[in-house]
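Chemist: Residues per chain, in single letters:
Number of protein chains: 2
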Amino acid sequence: MARKTGSHSQITGPKVRQAASKLFARHGFAAVSMRQIASEVGVQAGALYLYTPDKQSLLFDLMQGHMQDLLTAWEAQEKGRGPLEQLEAFVRFHIGFHLDRPDAVFIAYMELRNLSDENFAVIEGLRKRYEDVLESILREGQQAGVFAVPDTKLAMMALIAMLTGVNTWYREGGRLSRDKVEAIYWDMARKAVAA
Amino acid sequence: MARKTGSHSQITGPKVRQAASKLFARHGFAAVSMRQIASEVGVQAGALYLYTPDKQSLLFDLMQGHMQDLLTAWEAQEKGRGPLEQLEAFVRFHIGFHLDRPDAVFIAYMELRNLSDENFAVIEGLRKRYEDVLESILREGQQAGVFAVPDTKLAMMALIAMLTGVNTWYREGGRLSRDKVEAIYWDMARKAVAA
Numbered sequence: 001m002a003r004k005t006g007s008h009s010q011i012t013g014p015k016v017r018q019a020a021s022k023l024f025a026r027h028g029f030a031a032v033s034m035r036q037i038a039s040e041v042g043v044q045a046g047a048l049y050l051y052t053p054d055k056q057s058l059l060f061d062l063m064q065g066h067m068q069d070l071l072t073a074w075e076a077q078e079k080g081r082g083p084l085e086q087l088e089a090f091v092r093f094h095i096g097f098h099l100d101r102p103d104a105v106f107i108a109y110m111e112l113r114n115l116s117d118e119n120f121a122v123i124e125g126l127r128k129r130y131e132d133v134l135e136s137i138l139r140e141g142q143q144a145g146v147f148a149v150p151d152t153k154l155a156m157m158a159l160i161a162m163l164t165g166v167n168t169w170y171r172e173g174g175r176l177s178r179d180k181v182e183a184i185y186w187d188m189a190r191k192a193v194a195a
Numbered sequence: 001m002a003r004k005t006g007s008h009s010q011i012t013g014p015k016v017r018q019a020a021s022k023l024f025a026r027h028g029f030a031a032v033s034m035r036q037i038a039s040e041v042g043v044q045a046g047a048l049y050l051y052t053p054d055k056q057s058l059l060f061d062l063m064q065g066h067m068q069d070l071l072t073a074w075e076a077q078e079k080g081r082g083p084l085e086q087l088e089a090f091v092r093f094h095i096g097f098h099l100d101r102p103d104a105v106f107i108a109y110m111e112l113r114n115l116s117d118e119n120f121a122v123i124e125g126l127r128k129r130y131e132d133v134l135e136s137i138l139r140e141g142q143q144a145g146v147f148a149v150p151d152t153k154l155a156m157m158a159l160i161a162m163l164t165g166v167n168t169w170y171r172e173g174g175r176l177s178r179d180k181v182e183a184i185y186w187d188m189a190r191k192a193v194a195a
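Chains as they are written, first to last, in full-length UniProt numbering: chain G, 1 to 195; chain P, 1 to 195.
Please note that the accuracy of each hint is not assured.
One copy or two, it doesn't matter: identical chains are merged, so the pair holds either way.
Stated by the list, open to error - Below are the DSBU-like pairs computed for lysine-lysine, each with C-alpha atoms no more than 35 angstroms apart in a straight line:
hint, residue 1, residue 2
1, Lys128, Lys191
2, Lys79, Lys55
3, Lys79, Lys191
4, Lys55, Lys191
5, Lys15, Lys191
6, Lys180, Lys55
7, Lys153, Lys15
8, Lys79, Lys128
9, Lys15, Lys79
10, Lys180, Lys22
11, Lys15, Lys128
12, Lys79, Lys22
Simulated from the structure, these hints should not be mistaken for lab results.
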């Protein structure tokens, strides 16, 4: 196969996404112009349109990429066999993955309202797939008598909100290491759904 | 005492706050102009400046009002004596108060980045006071041997994130009544911190 040298979009793509992610997270999608993104990348506004048709596509691209990365990373994750081991793996994975990507997480939660209906439906579908991962673990544990929750859907929502909340207060180099935070949240999550 | 007829600001104030809250929640603070707020209220843009000096003051006013309402409502709340009764009161109160004010809650979380440093410090102070309410309950329960959490601050953060998360999915008239949702979350919260 012929070896291709890096095309314009291969070089610019990641830079554009990185610039857009940074600016959307800092100022909000609505307040950022394509011109500002181009300036952050260091290209003319016109050059940006070689990479992306508009700002909506850029937002969708970021949010879809984030959700796909999340699902792919979970697939690749070492998980134990039983529901308890899988829940522990999920708790630690969720906290670590989200702490690694503060801008993407911020955008994923803040900018849903700015997606077109069609794009929103795609992102919601991906989000639902991720939520199903946790709900399946809870349902399996419920059937095995390891967990006792009045409602697996609400328990799933409660745990995801609790875990994602770490992003709002955790600071690297603060009072607690990531490992310690993960251990403390695992203790609370385990007890919250315990039989 | 002479009875005053409603002044301009007494009539306009609540309308301006309501309009700003609605527009900020829907489009984001950065995307909304004073002109749009005036138009929503049904006055000229110039008239808006009789009520508020600028958009930043309006945002601060909304966020400060929300936090003050929250603290006042908690003070007025019936609470039991023991830590377990107080935690139940807090869980039910937090869910109900936040479900009643979706726009204010959305703004309180989304628009922190748009506050001036000085205004941010005030809002953070009020938020800290509310967080202290829950942390005190947890600390008291910990000392009484009713709760066993590795870290009262993290348990407080985890519970608040979990409870506020209800706002992201609850729909009035949906599968579960508020009362049922409160009961399910109380079950999980209680177990999460149980000794």
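Chemist: Check each numbered hint against the structure and report the violated ones by number, ascending.
Modeler: As far as the earlier hints go, 2, 4, 5, 6, 7 are violated by this structure, in ascending order.
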